[in-house]
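S.K.: Spelled out from the first residue to the last, the chains are:
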Amino acid sequence: MSVLYGYGGNVLDIDLSTRRVSKSQLDRDFARQYIGGRGFVARLLWDLIPKGADPLGPDNVAVVASGPLTGAFLPSSSKVEFGAKSPATGGYGDSNMGGHFGPALKHAGYDVCIIRGASSTPVYVVIDDDIVQIRDASHLWGKGSYATEKALKEELGDDFQIAVIGPAGENLVKIACITHDFGRQAGRCGIGAVWGSKRLKAIAVRGSRGFPVADPAAMFKKGKEMFDIIFKLPGFKEWTPYGTAEITDWCNKSGVFPTRNFYTGYFPHYQQINGRALRNSIVTLDKGCFGCPIPCGKYSHVNLPQGLARVEGPEYETVALFGGNCELSRIEEIAFANWLFDDLGMDTISGGNIVAFAIECFEKGIISEDDLGGKPVRFGDLDSVIHIGKLIANRHLVGDLLAEGVKTASAHLGRGSEHFAIHVKGLEVSGYEPRYAAAMLLAYMTCDVGAHHNRAWAITYDIAVGRDKLEGKAAKVVELQHLRPLLDALGICRFPWIEVGFELRHYAEIFPMITGSEQTWEELNTLSERIWNLTRAFWVREVPGFGRSWDRAPGRFLADPVPSGAAQGKLLGEDIAEQLLDEYYRLRGWDEQGIPKREKLLELGLSDVACALYE
Amino acid sequence: MALQTISDRCSGCRLCQLFCALVHFSENNPAKGALRITGIFPDPGQYTVTVCDQCGLCAEECPEEAIILKDNNYVVLKDKCTKCGVCVDVCPTQSIFLREDEPAAIKCDGCLECVPYCPREALQPKEV
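In the order they appear, the protein sequences are chains U and C.
Remember, this note's numbering sits 2 above the position in the first sequence when you count from 1.
Remember, this note's numbering sits 93 above the position in the second sequence when you count from 1.
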């Protein structure tokens, strides 16, 4: 068989129930049809998870997959995708992570690692090139993310790259994340809880084999050109010192900064928590992912009455969700909350949402002091964030309910709390307030894992062309939902493109040099559309009654005008949201319930999926 | 000139390792790079990037005289190296190593090609 360039070439299949490890070659057609990363995850979840599987049961399958550009010589080629049926939503779940784990897995020869079944005792997996072992993790169970990773580095060696879960994952908290490299996360969709349900504490990998490249000399030349261009872009020097927190000012000036449980879009203290406050007060190291010339990781050190914290971050989403949304007005406090949630192993986006939701419930008398163990909570108070965070991670008191996410919690609590439970499909909303930003609102409504920003970060488009303008917005969201997730399939970071202004054509040019494939950028985008329809089909198959109502924005976004800031008094409202959805479904070739039409699935080469949905 | 590293600037991206492997082996495999990066996390949170400082101890001790000084840098002669490992044992900075799939020990030969591609300017030429 000829060499499959651009890939590690192997699929690792680990069954934790039987403790059997098997390996197979990566199929060439599969690679060409689903690219890698997110595409591999989408197809494997569809194929391997039995319909109706409990997300926290042994039938769920966790998949880790890199892409053809992961670990290759080009800027920011660090990305890897973690997937499973999401316990947070019950639907399709994946989460993307940088750092060094993906490149190491690929350099060890694996594009995909499938984890099935469940162990009866805690385990971790060691992958050292050809050698794969399932080992006892009793000594690690119960440990925080930092202590776990440190212990494994000491046990195995510093050259292992390690992905772990914290106590929240062990406790099946539905916002539990995967943590790696002391500060990189696959944060969203509760994949950490899936690992926890399988009693998988960690995967450690060391790769020393590299992978075959179709034309190494051409890749090397083109890769150097790409770095040369980035070094000269103004964004290279502007973004590096501040990381993603750089956009805090812009979000506040635009009135899209989530504040007080998305009550408004402007936080008056934003200059105390922006990129400059971060850089000037607490950053000790610029920490980079594999091959990244623009290290957005800001390693920080804070010393507060609550304790010491060394944490990678806060990055923008954490600034938004703990800063504005919980109203912490000092960057040091946000960093501490960031550290705590990282150590407990919880997503800071969903975490900042749930904490703010709980505080609002307490303010409105929906949650009592007793529910909180006798401690009153309030916005703007680090101790409240710490308290609620620990309740959630340990599933104590009302934390047991909050650990299910704001959708389930509000359904249980009632009394109007559904209105300010800020989620779509059960996944809490990221750090951009979209009530007066039509494309961003639609992007959240239709994102294929729930309300996540990264599939279509359309907020800049809204502001560039007019926030309440509707024409072209649905089309833009569709375009971005193919383009941006394509990077997650290829295994590269969007930072050079979106933030620094590096042109995408360079990736199109280097792709054939690495893979030897003649697929054009347009063809890859069509494959990305196929992946998008496949993840939608997964929802249709797995969620009884799935349809239009699942694409609904939170009540607060549809009914309450923005009370302050640049968007004061503005609201697009329910009718416009529905109108956007109609247009979006039409452009996608989906019916009025948002179900992909048979013709659309056939057109995209998903005939088996069409059969499953329509027969 | 030889290569020196300034660890305080290193972000741990490992681009230098990959770059080195491509220059010397035309392989996309950072494990074949002659630089070594270690991190100390979570406390204090810093990287160290290490590379041969051309002290010459390996050349002195090599029983095959397979390491010679060339333009101020010690280089391994592939046809003479027997991979006996004496150089690895004596190296004070663990900057020379052996691999099963390479016929000779690997170390920095001071080519300096990586220097302009370190995004952090953590790699610099130095007079020797």
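Since the hints were made in silico from the structure, they are not lab data.
Hints are supplied without guarantee of correctness; some may be wrong.
As the list claims (entries may be wrong) - Distance condition first, Cα-Cα at most 20 Å in a straight line; then the derived SDA-like pairs of lysine to any residue:
#1 U/223 x C/138
#2 U/226 x C/120
#3 U/224 x C/206
S.K.: All the hints need checking, so say for each whether the structure fits it.
M.R.: Status of each hint after checking the structure:
no.: 1; hint: U/223 x C/138; in the structure: violated, 33 Å
no.: 2; hint: U/226 x C/120; in the structure: holds, 15 Å
no.: 3; hint: U/224 x C/206; in the structure: holds, 16 Å
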